[in-house]
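Peer 1: Starting from the given sequences, assemble the full structure and let the hints guide the process.
Each chain, written out:
Number of protein chains: 2
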Amino acid sequence: MKNIDVCLTPDLLHHHNINNSIVVVTDIFRATSCMVTGFAYGVQSIIPVASVEECAEYQKRGYIAAAERNAEKVEGFDLDNSPFSFMDERLVGNKIAMTTTNGTLSITKSKKNAVKVIVGAFLNLQAVVNYLKAQPYDVLVLCAGWKGRPNLEDTLFAGAVVEALRDEYFVAEDAAILAMRAYEASRENMPLYLSNSSHIRRLQRLGINKDITYCLQKDLYDIVPILRGNELVLV
Amino acid sequence: MKNIDVCLTPDLLHHHNINNSIVVVTDIFRATSCMVTGFAYGVQSIIPVASVEECAEYQKRGYIAAAERNAEKVEGFDLDNSPFSFMDERLVGNKIAMTTTNGTLSITKSKKNAVKVIVGAFLNLQAVVNYLKAQPYDVLVLCAGWKGRPNLEDTLFAGAVVEALRDEYFVAEDAAILAMRAYEASRENMPLYLSNSSHIRRLQRLGINKDITYCLQKDLYDIVPILRGNELVLV
Numbered sequence: 001m002k003n004i005d006v007c008l009t010p011d012l013l014h015h016h017n018i019n020n021s022i023v024v025v026t027d028i029f030r031a032t033s034c035m036v037t038g039f040a041y042g043v044q045s046i047i048p049v050a051s052v053e054e055c056a057e058y059q060k061r062g063y064i065a066a067a068e069r070n071a072e073k074v075e076g077f078d079l080d081n082s083p084f085s086f087m088d089e090r091l092v093g094n095k096i097a098m099t100t101t102n103g104t105l106s107i108t109k110s111k112k113n114a115v116k117v118i119v120g121a122f123l124n125l126q127a128v129v130n131y132l133k134a135q136p137y138d139v140l141v142l143c144a145g146w147k148g149r150p151n152l153e154d155t156l157f158a159g160a161v162v163e164a165l166r167d168e169y170f171v172a173e174d175a176a177i178l179a180m181r182a183y184e185a186s187r188e189n190m191p192l193y194l195s196n197s198s199h200i201r202r203l204q205r206l207g208i209n210k211d212i213t214y215c216l217q218k219d220l221y222d223i224v225p226i227l228r229g230n231e232l233v234l235v
Numbered sequence: 001m002k003n004i005d006v007c008l009t010p011d012l013l014h015h016h017n018i019n020n021s022i023v024v025v026t027d028i029f030r031a032t033s034c035m036v037t038g039f040a041y042g043v044q045s046i047i048p049v050a051s052v053e054e055c056a057e058y059q060k061r062g063y064i065a066a067a068e069r070n071a072e073k074v075e076g077f078d079l080d081n082s083p084f085s086f087m088d089e090r091l092v093g094n095k096i097a098m099t100t101t102n103g104t105l106s107i108t109k110s111k112k113n114a115v116k117v118i119v120g121a122f123l124n125l126q127a128v129v130n131y132l133k134a135q136p137y138d139v140l141v142l143c144a145g146w147k148g149r150p151n152l153e154d155t156l157f158a159g160a161v162v163e164a165l166r167d168e169y170f171v172a173e174d175a176a177i178l179a180m181r182a183y184e185a186s187r188e189n190m191p192l193y194l195s196n197s198s199h200i201r202r203l204q205r206l207g208i209n210k211d212i213t214y215c216l217q218k219d220l221y222d223i224v225p226i227l228r229g230n231e232l233v234l235v
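Top to bottom, those sequences are chains C and H. Number 37 in full-length UniProt numbering belongs to position 37 of the first sequence; there are no gaps in the numbering. Number 166 in full-length UniProt numbering belongs to position 166 of the second sequence; there are no gaps in the numbering.
No incorrect hints appear here.
Derived BS3-like pairs (lysine-lysine); straight-line CA-CA distance at most 27 Å:
| id | chain 1 | residue 1 | chain 2 | residue 2 |
| --- | --- | --- | --- | --- |
| 1 | C | K147 | H | K109 |
| 2 | C | K112 | H | K147 |
| 3 | H | K147 | C | K147 |
| 4 | H | K133 | H | K2 |
| 5 | C | K109 | C | K2 |
Chain C is nowhere near these chain H residues, computed Cβ spacing over 12 Å in every case:
| id | residue |
| --- | --- |
| 6 | Q59 |
| 7 | Y63 |
| 8 | M87 |
| 9 | D88 |
| 10 | Q135 |
| 11 | P136 |
| 12 | I226 |
Don't read these hints as lab results, they were simulated from the structure. Every residue gets a Cβ at the ideal spot worked out from N, C-alpha and C, and that includes glycine.
Peer 2: The following block contains the structure:
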């Protein structure tokens with residue numbers, strides 16, 4: 001039987017042996033929701049990079065560049081970190097370089113040891129679940145969190161994946177059980193469950209309620225972005 | 001307004017500024033439940049030490065020594081890590097040196113920066129809450145977890161503390177909200193909520209179901225152990 005586990009923040013990734021695992025990186029608000037949206041709207045590839053400087057280098061080389069820090073766009077870049085910015089037809093068929101406060105770091109941290117790294121969001125939840133079921137590997141859902149700390153929305157997504165796989169996978173560890181229980185408690189009204197979360201308040205201060213509503217929608221897109229070399233592409 | 005936050009494992013403690021905080025260390029199965037029980041039964045003081053070697057040194061100097069690793073007693077020591085071992089009248093008025101896999105490390109890690117370090121368990125939940133309310137400091141509940149990972153039972157205790165203080169404290173961070181929500185979902189039947197947790201399974205393999213039942217009882221003892229120098233004593 002395959003195992004599924006959850007890592008609540010990249011700061012705890014060293015506790016997980018991922019040599020036989022597909023890592024599902026999630027950063028619901030908003031990096032992985034942006035990525036999934038971009039691919040759904042025709043982006044060719046996304047290069048996740050850890051630093052703003054590296055992102056600027058790609059911009060000079062002709063990439064469309066998206067850089068976010070502290071939930072806001074970094075000056076001089078082409079795109080901010082709103083999923084609605086990724087619905088732009090100028091992006092169709094193009095390559096994007098992207099750096100965000102939490103999400104891209106989680107991808108770069110996972111790629112060294114994992115069998116595969118894929119990108120998950122509520123927007124492509126079922127597609128991710130279907131993909132994982134068809135693979136022979138264990139699963140680790142890696143929550144990007146916020147600056148090393150756990151956050152609610154990524155934990156809920158992790159719980160949704162665990163809940164969907166619980167009959168076919170061994171759910172061994174407490175973080176996975178905790179995430180699954182949190183998701184079960186939230187599913188009737190996820191916005192309410194999240195209403196006091198730190199990042200919701202952060203985003204609301206920035207006036208981006210519509211991003212929140214959008215990112216909590218399930219299964220809008222039947223696609224799975226996967227890391228090949230340094231680039232995310234569609235499976 | 002005072003703040004309350006939760007740290008799900010000592011591996012994330014570096015993200016928390018505890019210079020104005022009382023840290024409540026909890027290790028429900030079973031270090032802090034043992035400590036609370038010991039004090040309730042008349043122990044004079046407990047020295048938490050990080051290593052087995054250090055614990056052996058205290059034993060040579062006449063302390064009663066308790067050493068646990070991987071949920072089992074280390075050979076050559078006087079006490080194991082069962083709360084029932086701390087109900088022994090030979091301990092009355094005596095000093096104990098104690099090392100455990102997770103709990104004592106959390107105490108030694110907190111003491112450098114925190115205003116005060118106290119010991120919490122379900123057994124003294126209300127006493128801890130009353131003590132915190134009477135103090136002017138912020139609160140961080142530090143879950144000992146299991147070898148650097150979060151666990152369910154410590155998270156539930158943290159959530160119980162947050163829930164009890166939520167009207168008088170600012171609950172700002174997602175880990176605190178997550179813990180509180182988990183506690184609320186578990187309170188009707190905590191043993192059921194915990195039934196698949198990793199540590200419950202570990203303890204059941206060792207045949208110590210009665211320890212589990214005992215450690216989940218609330219408010220048996222109206223006492224608060226606090227760290228003074230290197231020793232835990234009663235407040």
